[in-house]
Amino acid sequence: MRRILLILPVVIFAVLIGVLAVLTLQTKDGRDPSLIPSALLGKPAPEFSLPAVAEDIPGGFATADLRGRVTMVNVFASWCVPCLAEHPLISRLAADGLPIYAIDHRDTAVDVAKWLKKNGNPYTAVGFDPDGRVSVEWGVTGVPETFIINADGVVIYKHSGLMTAKVLKDKILPKIREARE
Amino acid sequence: MIAEIGQFVLVLALIIAGVQVVVPMVGAARGDGTLMAFGSRMAVAQAVLLILAFAALTHAFVVSDFSLALVFQNSHSLKPMLYKVSGVWGNHEGSMLMWVLILAVYGAAVAVFGRNLPPTLKARVLSVQAMIGVAFLAFIVFTSNPFLRLNPAPPDGTGLNPLLQDPGLAFHPPLLYLGYVGFSMAFSFAVAALIEGRIDAAWGRWVRPWTLAAWVFLTGGIALGSWWAYYELGWGGWWFWDPVENASFMPWLFGTALLHSSIVVEKRDSLKSWTILLAILTFSMSLLGTFLVRSGVLTSVHTFASDPARGIFILMILLVTVGGALSLFAWRAPTIRGGGLFAPVSREGALVLNNMLLTLACATVLLGTLYPLILDAASSGASRVSVGPPYFNATFAPIMVPLVAAMAIGPLLAWKRGNLRAAARKLLLAAAAAIAAVAATFIAVPDGPALAPFAIGLAAWIATGTLVEGSARIRLFAAPAAESWRRLTGLPRAASGMTLAHLGMAVLIAGITGASAWRSELITTLAVGETAQIKNYALTLQAVENGKGPNYNFERGTFLLTDRNGATIVMYPERRFFPVAGQSTTEAAIKTTLMADLYAVLGTSRTTPEGTEQWTVRFFINPMVPWIWLGALVMVGGGLLSLSDRRHRVGAPRRKQQHAPGVSGAPAPAE
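From first to last, the protein sequence lines stand for chains A and B.
Just add 511 to wherever you are in the first sequence, counting from 1, and you've got the working numbering.
Just add 12 to wherever you are in the second sequence, counting from 1, and you've got the working numbering.
With the rest of the complex left out, here is chain A:
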């Protein structure tokens, strides 16, 4: 009995170290402890309707546009540096045939038009959200943020922050594939 009592601290400690090791390794693989999982996951996309930025930019979309096929919603802004960094990946995804809708978050029409002209416009539609009101509906805490919506219009994945090639390959593409099946 006494033996067991004496070994107990070692056992408890081993379990503790195991948990911390798993966490540390997950953190190394890109786990971000500051993120809270989106409340939207597994729920239908919020009801909204966004106007276009300008006449020559395809845009203006609403909740109904996100039904019938797998889509992506990308929250971006012309002033946002990581958005520019992930733009080539977005463009490639769009070229591969994924409809990507953009929410232009707290921006001016002039700036975003200039930005899209310079960096290319891969988006199926761009919705203009200058006061960030629709972003609030989506639970956006910062730009960029990326959502994947399945054919039923249900949010199945959210990524906050910069979408890297690794995140795309490990997280986003598998989700899209899964949703298309």
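No lab work stands behind these hints, which were simulated from the structure alone.
Since no wrong hints were added, every one of them can be taken at face value.
Interface residues of chain B toward chain A, partial, derived using beta-carbon atoms under 7 Å:
1) V309
2) A342
3) A345
4) A389
We put the CB at the ideal spot given by N, CA and C, even for glycine.
Got chain A sorted already, so can you dock chain B onto it with the hints?
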């Protein structure tokens, strides 16, 4: 050049620590006095080298040498000198250097002051202390080098987090580290004793002062940190059960238990295995805290910008040191012979109860801190919960009640076999005081939470109980005043220290109760000239003006507070914007009396559609909050007083006792 010297001595310290692990340990095993004595010299050398390394880094910060990456990232030429210096430890690398410096200084203190330690024990303690040193020095040299150069050197730094530019914050990390790292002494003594296979009353006498010193620093550090959070973060609260706060609180709880159980080892040669285990656990909690703050597994206002690779390294250190020590304990503890037996109702029994409750409290905090992490790990991040104050208040407070209730009884019981009835008779006065305090509180604050008056009663219970015990020692009122005075001055300082620390606890409990039960809060928006009502006060925003500080711009509100009698108080809360860091801080305005704090925070402004500018204003009335810091201060004072007891002096106590026989004249009262 100076930075390169720093780098060089840092690596040298690592090598010396490596030798210090091996040489004294071998010396102790072979009984070779020369090898054992070598350990002391290396411990001193290691401390001197680390002082040099720390001085080199401090120099780089003071002269703003931005060719060092660390200085570039954490300092700025416009920063006030005080914060240039505190910037040395306001970051991960520098604070780690301070960590090992303190570790080495403790080791050197054993080498220098431990002349009367048995040579083998001393050699083994120094060796174990050096093992911890090697692990953390390697951690610094290989993952967190503070002396990395940038080429070309940038013209200026990127500032320091302005939240950290505050005297409270500048000085609480050194205190905390002195506390955390101080528990390494108890750990090293425990491991050395397990290797040695001999634990006796003398061991308890050597461990106690180190534990007490670490406890005093940690108490002071936690209190200062909590005070900083209170006035700087602008949340009006003083303790948030934040994981990093818990990380500092857990070693405190175990350390407090250790402080009490080592008394039993010293006086009664009993509870030895348990005390050894506590010594290991206390330092494990310090290491766990280091891991939580630096590994990036959680976020908090207190964490450093972290890197998981470092987390893995610290985890390895934790695995080897704590895993090794606990395995050694499981293996060797059965050989420890128990000493004096005691009845359940006795001083020992009371201290066992104290230990059980403190351990339970620590386990509760540990579970609350780690549960979200365990859930997160198990679900790969899909489910994140946070465990907040409701959990801790619901679990922690009920454990504290019996602990605090027993606190008044324990010191009145005799060693070995106590008389509960006699103790209860002595505590009649304390019970009366407690009942009076409950009644008085009910009458004074009838609308507060129902449990609050009982908590105040509990505070009165310990305060009176402690005073009753203290006055019995000096035969106050039972003997002529002159004799009482003579007894008071002759009282061992350790005994007076205990009385003082327990009184501090009473003050602290009263403060915590007042601050959590009767707090009033107002959050509103005000335009200039508008007034809001809170409790007995009318709060008017009179003006908001802008200005410039040394390295920030500020927006300062002028609030006029009028109470029912028409008396007025003016308060000036500020929001500061630091352009270099691109960050804002709030500077709450606090008016304090002994009974309450008035606490005003100026928030951000926005313009209404009608065009008037409104500020978010938060105003708190925090009753009895000053008692929290006062209580902590009294506890620290009690610890220091006890530390100054000649029996705790680590020097050569036996010789001195011969010069002053029978210090107290009367038979020394049981402690």
